[in-house]
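Residue numbers (the numbering used here): 1 to 175.
Note that these hints are calculated values from the structure, not bench results. Note that beta-carbon positions come from the ideal geometry of N, C-alpha and C, so glycine has one too. Heads up, some of the hints might be wrong.
Pairs of lysine-lysine residues, derived as PhoX-like cross-links and limited to a Cα-Cα distance of at most 25 Å, are as follows [stated by the list, open to error]: (1) K150 - K175; (2) K3 - K34; (3) K150 - K166; (4) K152 - K13; (5) K39 - K136; (6) K116 - K126; (7) K52 - K150; (8) K109 - K122; (9) K175 - K136; (10) K39 - K122; (11) K39 - K13; (12) K39 - K3; (13) K126 - K152; (14) K125 - K152; (15) K39 - K109; (16) K116 - K152; (17) K164 - K39.
Label-pair ranges, simulated between beta-carbon atoms [as the list claims (entries may be wrong)]: (18) G158 - E120: 15 to 25 Å; (19) N129 - S7: 37 to 47 Å; (20) V149 - M82: 15 to 25 Å; (21) K92 - R58: 17 to 27 Å; (22) R4 - G163: 22 to 32 Å.
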Amino acid sequence: MNKRRISQTFFNKTTLSIAHSLLGCYLVRKVGRKVQRAKIIETEAYVGLKDKASHASRGLTRRTEVMFGLPARAYVYLIYGMYYCFNIVTAKQGYPAAVLIRGVILNNKLINGPGKVCRELKINKKINNENLLLSKKIYLERGNKVPGVKIKSAPRIGVDYAGKWKYKKWRFFVK
DNA sequence: GATAAGATCATCT
DNA sequence: GATGATCTTATCA
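All chains should be modelled from the sequences, with the hints used to inform the complete structure.
Structure, rendered in structure tokens:
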């Protein structure tokens with residue numbers, strides 16, 4: 001058993017606080033024999049039915065049902081026909097919330113943008129609904145703690161249509 | 001430096 | 001049939 005692997009208790013807090021805590025942790029992806037460990041440096045939170053920027057704001061659909069499900073699952077979807085985005089589902093079953101991984105460092109290479117992260121880590125819809133606590137293909141590990149002063153927050157990206165919700169500072173990144 | 005357009009498809013109306 | 005939690009390339013100033 002991997003001691004550094006993130007366990008259920010990590011998800012036992014608010015989505016915002018999880019998005020914050022994920023910074024500095026590692027996203028581990030196994031493809032065949034290859035293992036990639038990507039350090040998370042940027043996240044975005046999508047919380048609740050009322051968050052217009054969230055896919056869940058229009059209610060439960062086939063696509064978003066993973067977000068309404070159990071925490072610590074992966075929510076992967078295709079956007080603009082060509083890019084996948086990788087999210088970690090949070091909050092309890094029945095309440096839609098997730099944290100989008102926007103940026104990582106892989107082999108000392110900065111990868112900014114959810115589409116690029118998924119391309120580099122070979123994330124596709126097969127990963128959708130994977131249990132990050134149990135899966136051997138993709139999971140999370142604790143990293144070095146990031147000092148609070150190095151963590152910045154800002155409005156989310158690409159959600160201008162979301163009315164007042166676009167001003168929420170639910171994007172977190174390491175300076 | 002900034003802004004605009006094109007690629008391309010699952011999902012929703 | 002319209003649209004989007006994006007990225008890259010092209011064109012402008």
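Evaluated hints:
1. Proximity of K150 to K175 is assessed by CA-CA distance (about 5 Å); at most 25 Å being required, the pair is judged to hold.
2. For the suggested pair K3 and K34, the alpha carbons sit about 20 Å apart, so the restraint of at most 25 Å is met.
3. With a C-alpha separation of about 23 Å, the suggested pairing of K150 with K166 holds against the 25 Å cut-off.
4. Taken as a hint, the K152 and K13 pair is honoured in the structure, with Cα atoms around 20 Å apart against an allowance of 25 Å.
5. Taking the CA atoms of K39 and K136, the gap is near 18 Å; set against the 25 Å cutoff, the hint holds.
6. Taken as a hint, the K116 and K126 pair is honoured in the structure, with Cα atoms around 17 Å apart against an allowance of 25 Å.
7. Straight-line distance between C-alpha atoms of K52 and K150 comes to about 29 Å, which puts the hinted pair past the 25 Å bound.
8. Taken as a hint, the K109 and K122 pair is honoured in the structure, with Cα atoms around 16 Å apart against an allowance of 25 Å.
9. Distance hint between K175 and K136 is unfulfilled; the C-alpha atoms sit about 31 Å from each other, more than 25 Å.
10. Our distance criterion of 25 Å between C-alpha atoms is met by K39 and K122, whose separation comes to about 16 Å.
11. Distance check on the hinted pair: K39 and K13 sit about 21 Å apart at the alpha-carbon level, within 25 Å; holds.
12. With a C-alpha separation of about 17 Å, the suggested pair K39 and K3 falls inside the 25 Å cut-off, and the hint holds.
13. This hinted pair does not check out: K126 and K152 have alpha carbons roughly 32 Å apart, beyond 25 Å.
14. For the proposed pair K125 and K152, the alpha carbon gap of about 31 Å is over 25 Å, so the pair is violated.
15. Between K39 and K109 the alpha-carbon distance is near 10 Å, which keeps this suggested pair within the 25 Å criterion.
16. For the suggested pair K116 and K152, the alpha carbons sit about 21 Å apart, so the restraint of at most 25 Å is met.
17. Among the hinted pairs, K164 with K39 is inconsistent with the structure: their alpha-carbon atoms are about 31 Å apart, more than 25 Å.
18. Against the hinted window of 15 to 25 Å, the Cβ-Cβ separation of G158 and E120 comes to about 20 Å, which satisfies the hint.
19. Our hint of 37 to 47 Å for N129 and S7 is violated, since their Cβ atoms are close to 19 Å apart.
20. Taken as a hint, the range 15 to 25 Å is violated for the pair V149 and M82, whose Cβ atoms sit roughly 37 Å apart.
21. Distance hint for K92 and R58: a CB-CB separation of about 21 Å, consistent with the stated range 17 to 27 Å.
22. Between R4 and G163 the beta carbons are some 40 Å apart, a value that contradicts the proposed interval 22 to 32 Å.
Violated hints for the displayed structure, listed by number in ascending order: 7, 9, 13, 14, 17, 19, 20 and 22.
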